[in-house]
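2 protein chains.
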Amino acid sequence: MAKELKDLTKRSENYSSWYNELVVKADLAEQSDVRGCMVIKPYGYAIWEKMQRVLDDKFKETGVQNAYFPLLIPKSFLSKEAEHVEGFAKECAVVTHYRLKTNEDKTGVVVDPAAKLEEELIIRPTSETIIWNTYKNWIQSYRDLPILCNQWCNVMRWEMRTRLFLRTAEFLWQEGHTAHATREEAEERAKLMLKVYADFAEQYMAVPVVQGVKSETERFAGALDTYTIEAMMQDGKALQSGTSHFLGQNFGKAFNVQFINKDNKLEYAWATSWGVSTRLMGALIMTHSDDNGLVLPPKLAPIQVVIVPIYKNAEQLKAIDEKVEGIVARLRALGISVKYDNADNKRPGFKFADYELKGVPVRLVMGGRDLENNTVEVMRRDTLEKETRTCDGIEDYVKTLLDEIQDNIYAKAKSYRDAHIYECDNYEDFKERVKEGGFFLCHWDGTAETEAKIKEDTQATIRCVPFEFEQTPGVDMVSGKPAKCRVLIARSY
Amino acid sequence: MAKELKDLTKRSENYSSWYNELVVKADLAEQSDVRGCMVIKPYGYAIWEKMQRVLDDKFKETGVQNAYFPLLIPKSFLSKEAEHVEGFAKECAVVTHYRLKTNEDKTGVVVDPAAKLEEELIIRPTSETIIWNTYKNWIQSYRDLPILCNQWCNVMRWEMRTRLFLRTAEFLWQEGHTAHATREEAEERAKLMLKVYADFAEQYMAVPVVQGVKSETERFAGALDTYTIEAMMQDGKALQSGTSHFLGQNFGKAFNVQFINKDNKLEYAWATSWGVSTRLMGALIMTHSDDNGLVLPPKLAPIQVVIVPIYKNAEQLKAIDEKVEGIVARLRALGISVKYDNADNKRPGFKFADYELKGVPVRLVMGGRDLENNTVEVMRRDTLEKETRTCDGIEDYVKTLLDEIQDNIYAKAKSYRDAHIYECDNYEDFKERVKEGGFFLCHWDGTAETEAKIKEDTQATIRCVPFEFEQTPGVDMVSGKPAKCRVLIARSY
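Respectively, the protein sequence lines represent chains A and B.
Start counting the first sequence at 1296; every next residue gets the next number (the numbering used here).
Start counting the second sequence at 1296; every next residue gets the next number (the numbering used here).
By construction, these hints were calculated from the structure, which means they are not laboratory data.
Don't take every hint at face value.
Since the list can't tell identical chains apart, any single copy or any two copies may satisfy a pair.
To be verified - Cross-link-like lysine-lysine pairs, in silico, DSS-like; alpha carbons within 30 Å at most:
| # | residue 1 | residue 2 |
| --- | --- | --- |
| 1 | Lys1748 | Lys1730 |
| 2 | Lys1486 | Lys1634 |
| 3 | Lys1532 | Lys1726 |
| 4 | Lys1681 | Lys1613 |
| 5 | Lys1305 | Lys1396 |
| 6 | Lys1532 | Lys1490 |
| 7 | Lys1613 | Lys1532 |
| 8 | Lys1748 | Lys1532 |
| 9 | Lys1345 | Lys1730 |
| 10 | Lys1730 | Lys1431 |
| 11 | Lys1634 | Lys1557 |
| 12 | Lys1320 | Lys1634 |
| 13 | Lys1618 | Lys1411 |
| 14 | Lys1634 | Lys1490 |
| 15 | Lys1320 | Lys1560 |
| 16 | Lys1646 | Lys1776 |
These numbers were taken from a predicted model, which means no experiment stands behind them.
With the sequences and hints as input, model every part of the structure.
Written out as structure tokens, the structure is:
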């Protein structure tokens, strides 16, 4: 067994350490020497690229186009939308100078005090302000609307406590920003994009999500409504995996984006914004993986099938190479990504453990006996089950198996999640049980006071008013007042 | 004729204004309110995305993997490689603080003086330093090599005079960074990537390029050799379109990246880096476009074919719609991107001018007569030639025509360029002729003095020692001393 795998902390011992170690050992990412900023390593980036490709196609199907807006935002822009500045202008990277010069003893460089900016620039924590400042010049008439732009980029928020993928100072994301002529159209777009995210999470990441709307406290700074998808990790905690905001006319007003509507009257444009980030990597890892390492959904796995030969000598390896060549070609012809690892500087056992750690969905092993019998050993990563199959038609079998794995890990995650969603109407009971994790469906009186008390008592927060669960009448479990709705409460990442 | 087109300055009047106007009028990009930073608009970004996709596939074919490294670089990293700091640590964006706070009268935000960074961070102007600082932990043995990473990202250089795409403070690019066990392998990689760039420029952008190696003065800061591709714009000026650097062991030594080689000895790793940027957009625009607007190579055009109906009434439009539907389907089946523009809020003449301005390679027009005759009018953007063709098999005709346009604009650009490459051995003659533009093949004594004098006298620089032209013996046209080689000299962007 490979050393890396042996060293991996078990989930039951310490879930948090398990995650932190796994991200590094599976070569997904690592901390850099720049505080809070990560290096996304090639294997991790390959997964992110697959996510990007799928999402990008889905966005474009809805009419969205990509564009690119500046990294730096003038400080004054942030102050233009009152709530937005409260949420985003605080912990951020500030550019104050534009030049360095050699220091006096010529051993390094120092900031040139003469090169001070008149107005400081902020590295974008999100781009509503710079984008709406730009849209101002693009929008005169309802005929210029809608504008449906997205950008894939880096953003920066000066987080004090960071964790790879889950919370980093710099992260990669996409941010969509749309402008519309009517309130209805903007609300529809915000909901549509939430659906795109939910479908992506469930169909590609195999992560079941609860869709819903945030409470006022938990809304995006500057939004009238924030829609969210919430996933449950294996420790029962929630991970907010994507959000879509209906921004009303807040940014239209802040940046004076007015247009002539169909009735020939001046009106402020209606806005949405929506984003998912490299945080999705965290959701992916924590939902499916196990004590042996990553478990990746086949649809997002950079390598879907690995083939490892076991051989006694060069002659036998040559015979296996030839046999495998045909299998590889047939798998690739079906659009399956395959790696044949016949490198001779690592033993099969090391390779097995390494590909398990990296979550390759299907492993094929061919030894001398297999060669004689025209068979191959097939192992599926999700259940670790092995079986020996004939090589005839193995490509079709593997293709079906990949689909089955995709379905199975989704079903497993969904069954785990559903078993950990509780209806709860007793606050004492809630306080005790929420420590163990899980999603709690509770009646809420709709006040920020109750919400704050729950958070203070338990660290749990209202994740959303879920769309899919029945809204039954009842009383708030904290205040005893009549409830406005049932909400989903959980501790979260 | 659309207003936008009528207003476009002619190339012969003012080439520079023509370019600046065209970029904006064709909806490719615009200046933002952040000094030197551009907004890349959807139509411009769609071309960049096509470039990215092709290049990314080509990189991966050579074994390169994508990854992502931090945006911010500690100031001290930049000083570690002596030449590099001279070239890159000067004009750059410096982050000095990490928090804003509400000002006293609550009208805005100010930098929080308490949140000053211990060490300033620089927005990457290029990433050799942060990447080699990371590679240090990845490389122990020759078995860890080569490392072949690329990242697509934004970089920032505080340019004082900016022009859309050609020179902007922030720009998008890819930067490849490879580490090797031997000098030979690194040199080979640097040359290989130059070939990838040259092939891309010629086969996709339809831009002929001269490949060569830079003089010492013009090298990348920290490189032992910089390879370059140089394209000629329609004003005869050179545009450096991509560079690939052999960095020797400079960064290996600066960041102490040592490995055990095959002879079991400690050795510093060998490096290359290579990049192309959104500057390629400038090269694309300036090589092919004309006084009517953009001319795009079909392989990179977001819309390859536009179809415009001309109709008298709704009934006729309906009949044309139906007819065109079939043509669109057949074109798409051949992988051609088509837009059918039957919007009724713009007149055909406006549409014609607009799609010419945007460089759509092929335009089909169908009117009432065409409908009766089962014909369609075909116009190719490169020559503006029109002809009427039968609709039967029009998809195959258009497919062939797109290939022909791709070949034609390359041939046209190459013939223009070749007609403007001159051998020149007389300095007085050179000084006079270089004002008119063109590439000059001149004998050079290899000294920085001569190089500096040429630049001072004429603003022209040595673009490269070209690979493809014969090296004949001769004397330096400036110093009269024996020449080391023939170099390519030109004014440049």
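Hints, verified against the model:
In the homo-oligomer, the alpha carbons of Lys1748 and Lys1730 lie at most 30 Å apart inside one protomer (16 Å), although the nearest pairing across protomers, at 76 Å, exceeds that limit. Taking the shortest alpha-carbon separations for Lys1486 and Lys1634, only the inter-copy value of 28 Å comes in at or below 30 Å, while the best intra-copy value is 40 Å. With identical chains, the CA atoms of Lys1532 and Lys1726 are at most 30 Å apart within one copy only, with a shortest distance of 15 Å there and 73 Å across copies. Proximity of Lys1681 and Lys1613 under a CA criterion of 30 Å is satisfied intra-copy only: 25 Å inside one chain copy versus 61 Å between copies.
Taking the shortest Cα distances, Lys1305 and Lys1396 never come within 30 Å of each other, neither inside one copy (51 Å) nor across copies (43 Å). With identical chains, the CA atoms of Lys1532 and Lys1490 are at most 30 Å apart within one copy only, with a shortest distance of 22 Å there and 51 Å across copies. Taking the closest pair of Cα atoms, Lys1613 and Lys1532 never come within 30 Å of each other, the shortest separation being 50 Å inside a single copy and 56 Å across copies. In this assembly of identical chains, the alpha carbons of Lys1748 and Lys1532 lie at most 30 Å apart only when taken from the same copy (19 Å versus 69 Å across copies).
With identical chains, the CA atoms of Lys1345 and Lys1730 are never at most 30 Å apart, being 35 Å at best within one copy and 50 Å at best between copies. Taking the closest pair of Cα atoms, Lys1730 and Lys1431 never come within 30 Å of each other, the shortest separation being 48 Å inside a single copy and 42 Å across copies. Taking the shortest Cα distances, Lys1634 and Lys1557 sit within 30 Å of each other only across copies (26 Å), while inside one copy they are farther apart (58 Å). Taking identical chains as interchangeable, the C-alpha atoms of Lys1320 and Lys1634 lie at most 30 Å apart only when both belong to the same chain, with a minimum of 20 Å there against 48 Å between chains.
Taking identical chains as interchangeable, the C-alpha atoms of Lys1618 and Lys1411 are never at most 30 Å apart, the minima being 67 Å within one chain and 63 Å between chains. Taking the closest pair of Cα atoms, Lys1634 and Lys1490 come within 30 Å of each other only across two copies (27 Å); inside a single copy the shortest separation is 34 Å, beyond that limit. Within a single copy, Lys1320 and Lys1560 get their C-alpha atoms only as close as 60 Å, which misses the 30 Å cut-off; across copies the closest is 28 Å, which meets it. For the identical chains of this complex, Lys1646 and Lys1776 are neighbours neither inside a copy (60 Å) nor across copies (63 Å), given an alpha-carbon limit of 30 Å.
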